[in-house]
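K.L.:
Starting from the known structure of chain H, fit chain X onto it as the hints suggest.
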Amino acid sequence: MSGEKIDITPAQDGGVLKEILREGEGTEGPAKGDSVSVHYVGTLEDGTEFDSSRARGEHFKFTLGKDQVIKAWDIGVATMKKGELARFTCKAEYAYGENGSPPKIPPNATLIFEVELFSWEGEDLSKDGGIIRHLVKEGKGYSSPNDGATVTLKYKGFLDNKEFESREVTFVQGDGDEAGLIPGLEVATKKMKKGEVARLDIAPKYAYGKDGCAEKGVPGDARLVYEVEMVSFEKAKEAWEMNAAEKLEESKIVKEKGTAYFKKGSYSKAITNYKKIVSFLEHETSFQTDEEKQLKEQLLLAAHLNIAMCHLKLKEYVETEDSCAKVLEMDPDNVKALFRRGQALLERNEYESASADFERVIQLEPENKAAKNQLTLCKHREKQFREREKKLYANMFKKLAESKDGGSPLYQTMPEVGEWNNEMAKDMMPLQDEKAAFEDGEKGEGDAMETQNGSTANSATVGEDMDI
Amino acid sequence: MATQHRMEEASCDVEETLAVPPLESKEELIGRIAECVTTKDDHSLQAYILEQRLAEPAQFWELTTLLGPCLTTEMQHDHPRFFTTVRRCLAHFSRNGNAKEMLLALLEQVEGFKDDLLYVTVLPCLKDVLLRLPVKRGRSLELAMDTLGDHIAAIPAPQNWMLEGEETKLLETDETVRRFLEVIPAFLDFMQPFLEIGDKAAAGDISMSNRRWEVRVLKKHLVLLLRHPLVFLDLRYDATTGAPKTYSRECAEQVVKGLEHVERNFYRLVLEAREQPKTARKDKSGGAAESSRGDKERDEVEEMVAENVENELRASGEVPDVKDEEEEVGEVPELAAACLAYLVQAEGLGLQRWPCVHSHRHLLHAMLAFIRMLLTHVAHTAVYKGLALLSFRLSLLPDSSLPAASLDDPDFTAAVLDLIHVMTRCPIRELRQMGLSVFRSVFSKIDVSGRHQLMRSVLTSCEHAGVKAVLVGMVKDEVDAALRTCKDDVPDTKERQAECEFLGPKLEVLLRLATKLPDGAASDLLEESDVVMATLNLLRYLVLRDPRERDQTGVWVMMRWIEQEYLAALRTGLDMSVGHYRLELDNMMKNTQGHSQGGKGGSDVTASLSVAGRDLPPMSHDQQMTVMHSALTTFDMMKCVLSRLCELIDAKQKGTR
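Residue numbers (UniProt numbering), protein chains in the order written: chain H, 1 to 468; chain X, 1 to 657.
There's no promise every hint is true.
[Unchecked claim] No farther apart than 20 angstroms at their CA atoms in a straight line, the calculated lysine to aspartate or glutamate pairs in the EDC-like style are these:
| no. | chain 1 | residue 1 | chain 2 | residue 2 |
| --- | --- | --- | --- | --- |
| 1 | H | 194 | X | 409 |
| 2 | H | 237 | X | 501 |
| 3 | H | 140 | X | 409 |
| 4 | H | 293 | X | 565 |
| 5 | H | 127 | X | 272 |
| 6 | H | 235 | X | 409 |
| 7 | H | 104 | X | 347 |
| 8 | X | 494 | X | 546 |
| 9 | H | 71 | X | 399 |
| 10 | H | 91 | H | 13 |
| 11 | X | 516 | H | 282 |
| 12 | H | 235 | X | 408 |
| 13 | H | 190 | X | 409 |
| 14 | H | 127 | X | 411 |
| 15 | X | 257 | X | 189 |
| 16 | X | 257 | H | 58 |
| 17 | H | 66 | X | 409 |
| 18 | H | 190 | X | 408 |
| 19 | H | 237 | X | 409 |
| 20 | X | 516 | H | 290 |
| 21 | H | 191 | H | 234 |
| 22 | H | 191 | X | 408 |
| 23 | H | 156 | H | 227 |
| 24 | H | 104 | X | 260 |
| 25 | H | 66 | X | 447 |
| 26 | X | 506 | H | 238 |
Just so you know, these hints were derived from the structure itself, not from any lab. Predicted model only: the values in this text are computed from it and were never measured.
Chain H on its own, in the form it takes in the complex (with noise of 0.2 angstroms):
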């Protein structure tokens, strides 16, 4: 065997001719995707050394398979054993082609590559060791799911060994926790291809991590191992990919899936739907009927204050009113934004500012309870706070007055302060009444939001923009 030269080339072009110097241990070698550890020696035809990582001293490494390194030895090293020491001829088209690479390989030169094979482990999907890939079958073209691409993929999870699940499942990419897949499984389908096979070693923080999951068996901290098939997938377009219409459509589903999301209660999953919407739409130009540019608007409406409810259900106050200031910039009559400003500015204490949405609201719809039922809220946060304020101060003023000497003139005047404040009391309504009114707006504001029923009789509350 030793001394033969072989041409290894599934063209067989004679392009990368194989010598085997001395042979390996074994039958496997490495599969694509591998990562390769290797010492080599490069020549040119002439002996003129170019490169070489015994001279550096250390092992070289590479992912096999992946067109990391010249066509030559992604073909010459597959073919290798462990242990293994070999001498590859590789024409310029297996190597650096006609344009060489300047300085050390000239055009169109055949490399003479003495390759030594160490070891090789599994591809590391995660970085960090925690999902490895060993390839089984190799997959069909270049592209792989897109975050919103449907995924089919067929799957056997093991646990030393023992088979503890086998299925077939189609999922959204992004969305594989709905369809109960590990998130392990959701990082490698990404990186996987058509019909590509593969055998997955998943830590236990990519799979079930510390408490395990007693339904399916499996015992906390393992580490497990899956064998996947990506059957099919059909990819998510990029916002660029469509036209106009398809936006529409697009914007539409999504809409859908952020109001599922909201109802849910996952909050900012429905924001990252939503704002699908606002980077399809916001800078398309090209509508052609007015129809079409009524719905873009509606649609564009309808995402920045369902994204504006989110954030405010997040208490996530400014960037509420980011939003709000968008639709307000479209319409600036839309009650829904305005008084969804009004509560992000009262959680912030702005007291002024959330009055006077709440009060243009009201001078819009007079009939509107739940904003008049803010209103009296904000009023009265407002009057606590003047209240704690002065309190706040009268105390400071009192420890100072206390640390200069106990008998300031300031300290005496402390008592006045809290008649003068129940006086301040005396047109508010009783606390039973408020604490009535409260309840009301809260809960005719709080159904609203949710759904657009006709069970919510109350037409002049707000928000109720989650249409289905």
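P.N.:
Leaving out everything else, chain X in the frame of chain H:
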């Protein structure tokens, strides 16, 4: 250096010997030397310290503190002899004093970013001291390097990047650049002996394994030099012009040579800089997933605990090896890696440390993140590096060899957008032009379907009429190429159209994008003139090249909407624009007459333009007139091409009927 000192000393010994009154106490010596310093009396100083060697090692620290501040630029200028003597005194101290003590004394002098000359003068002394330290000098070296590195880091980056053509040579005369070029060679010279020791450590000599710390320190500081200041300097060198290497270039070569001593694989060094932050982020998210959602507090506490442990280990001087490995990686800033990538690939420095087995395509993708970083940098010298690196990587790829899937790399499209930014916004003409040529070569290297995809994405996202015009021009060339390849066999047009990226429906997509006027007929056609002209040109080509009865390109099927939506809007738009500008011109003419009579000038300025905080003077009347006239000429040209195109379309349509 050291022998030189010694010779100087020897010659001085012979030269003149001064009678010095004997000393009574140690304090007296200090007093007398202080006197020498005030009177700049080099003879006495020499006599006290160098010749009679009166001073004892115990006093060296004090004397260093006393003499150090004399090493200033002014002193060298006003009292050169005194300066030289002081320098020799310090050299004497560092050779004969307690090494540890002298190290600290000398570092104290260098600290505080005082004087470059002081810095340069003290460095050889420091080197001597460190070389005298026993084997365990890692910490001392680190201390010294940190202080010395800080001095360089404190020199501000040069600001005048706005140099074009021959002017770029002026960059070296910039004051901060001159400071760098004075200080860095001294710094490298200082490192030299330690780097050579590093070599032995790299060779795997076991006795040297305790020097690993040293190697790491040296590497870190060399890498930092790449980020500041090398990325700001002009490091080009073209051997073919015969011009000598610039000082900056020499400096860069030295830095890379230094790095060769301490790093075996530059490719890995560069790539690790890119991967590091990513893994860190992944770790975090992974950790968060593990410790059920929202458990931030606990995470923070854990982080703090881990940090504490680390700090303690560091304080005790025993950092575990694994930790070091991580630190070492984290020490390579991305910008430094980008600069190194440029130096190795575009300038061919340090090639023996760059493996020569990677495919060109892989290297292009691997470099994109760095290219983007350089292209978006404020310094134009850095932008040049980005362009040079990208252009170099592209030049090695055969035409049409990048598959469309390359576009899946988000860095690819992002880099193209960055490139467009340079082409349209960079104030330096050379770089804009270079950007354009690189832009064209991106398209030529990618395969046809990728080309189509990229054109579509750029036409959609880019608003700049000039860039769009370039793209439309490319579309024309592509159509031409497509028509040429499928010349004779015309069995089924539809089938072939579906296959080809630049015919039929796929061409229509591009045409729709090219013919899009931002505001229909009301668009600012002057602004859009470039792309309008290019599009008209493309249409004219299609109409002439592709006879109606054959219609290989499918343009005749599209003709209805082209005429209705584009050509018609253009015609109206042009009429309106011409009318508008004529009116404006008339008004201006009238105004001139009015002004010459009334003597009131330029009062109707409604807007002012300011650049970099300074108001530009309003355009003079004559300038305004020129602008109006040139606008009208542009419109005339468009009208001309437009009507010619319409005639052609009519003629061809009638011809077939």
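K.L.:
None of the hints should be skipped; say for each whether it holds.
P.N.:
Against the structure, the hints:
1. Distance check on the hinted pair: residue 194 of chain H and residue 409 of chain X sit about 18 angstroms apart at the alpha-carbon level, within 20 angstroms; holds.
2. At roughly 19 angstroms between alpha-carbon atoms, residue 237 of chain H and residue 501 of chain X fall within 20 angstroms of each other, so this suggested pair holds.
3. Only pairs whose Cα atoms come within 20 angstroms are accepted, and residue 140 of chain H paired with residue 409 of chain X is accepted, the gap being roughly 18 angstroms.
4. Note on residue 293 of chain H and residue 565 of chain X: the hinted pairing holds, with a Cα-Cα distance of about 17 angstroms set against a maximum of 20 angstroms.
5. With a C-alpha separation of about 12 angstroms, the suggested pair residue 127 of chain H and residue 272 of chain X falls inside the 20 angstroms cut-off, and the hint holds.
6. Proximity of residue 235 of chain H to residue 409 of chain X is assessed by CA-CA distance (about 15 angstroms); at most 20 angstroms being required, the pair is judged to hold.
7. Only pairs whose Cα atoms come within 20 angstroms are accepted, and residue 104 of chain H paired with residue 347 of chain X is accepted, the gap being roughly 13 angstroms.
8. At most 20 angstroms may separate the alpha-carbon atoms for a hinted pair to count; residue 494 of chain X and residue 546 of chain X meet this at roughly 15 angstroms.
9. With a CA separation close to 17 angstroms, the supplied pair residue 71 of chain H and residue 399 of chain X stays within the 20 angstroms bound.
10. Annotation: proposed proximity of residue 91 of chain H to residue 13 of chain H holds, straight-line Cα distance about 10 angstroms (limit 20 angstroms).
11. A C-alpha spacing of about 17 angstroms is found between residue 516 of chain X and residue 282 of chain H, which places the hinted pair at or below 20 angstroms, so the restraint holds.
12. Between the alpha carbons of residue 235 of chain H and residue 408 of chain X the distance comes to roughly 12 angstroms, so the proposed pair stays at or under 20 angstroms and holds.
13. Distance restraint check for residue 190 of chain H and residue 409 of chain X: the Cα-Cα separation of roughly 13 angstroms lies within the 20 angstroms cut-off, and the hinted pair is therefore satisfied.
14. Taking the CA atoms of residue 127 of chain H and residue 411 of chain X, the gap is near 19 angstroms; set against the 20 angstroms cutoff, the hint holds.
15. For the suggested pair residue 257 of chain X and residue 189 of chain X, the alpha carbons sit about 12 angstroms apart, so the restraint of at most 20 angstroms is met.
16. Between the alpha carbons of residue 257 of chain X and residue 58 of chain H the distance comes to roughly 19 angstroms, so the proposed pair stays at or under 20 angstroms and holds.
17. Pair hint residue 66 of chain H plus residue 409 of chain X holds up; C-alpha atoms about 14 angstroms apart against a cutoff of 20 angstroms.
18. For the hint linking residue 190 of chain H to residue 408 of chain X, the alpha-carbon distance of about 12 angstroms falls within 20 angstroms, and the restraint holds.
19. Between residue 237 of chain H and residue 409 of chain X the alpha-carbon distance is near 16 angstroms, which keeps this suggested pair within the 20 angstroms criterion.
20. Of the pairs offered as hints, the one joining residue 516 of chain X and residue 290 of chain H holds, with about 18 angstroms between alpha carbons and a cut-off of 20 angstroms not exceeded.
21. With a C-alpha separation of about 14 angstroms, the suggested pair residue 191 of chain H and residue 234 of chain H falls inside the 20 angstroms cut-off, and the hint holds.
22. The hinted pair formed by residue 191 of chain H and residue 408 of chain X meets the criterion: a straight-line CA distance of about 12 angstroms does not exceed 20 angstroms.
23. With a C-alpha separation of about 5 angstroms, the suggested pair residue 156 of chain H and residue 227 of chain H falls inside the 20 angstroms cut-off, and the hint holds.
24. Under the criterion of a C-alpha separation no larger than 20 angstroms, the hint pairing residue 104 of chain H with residue 260 of chain X is consistent with the structure, at around 17 angstroms.
25. The straight-line distance between the Cα atoms of residue 66 of chain H and residue 447 of chain X is roughly 19 angstroms, inside the 20 angstroms bound, and the hint therefore holds.
26. As the CA atoms of residue 506 of chain X and residue 238 of chain H are separated by approximately 17 angstroms, the hinted pair is consistent with the 20 angstroms bound.
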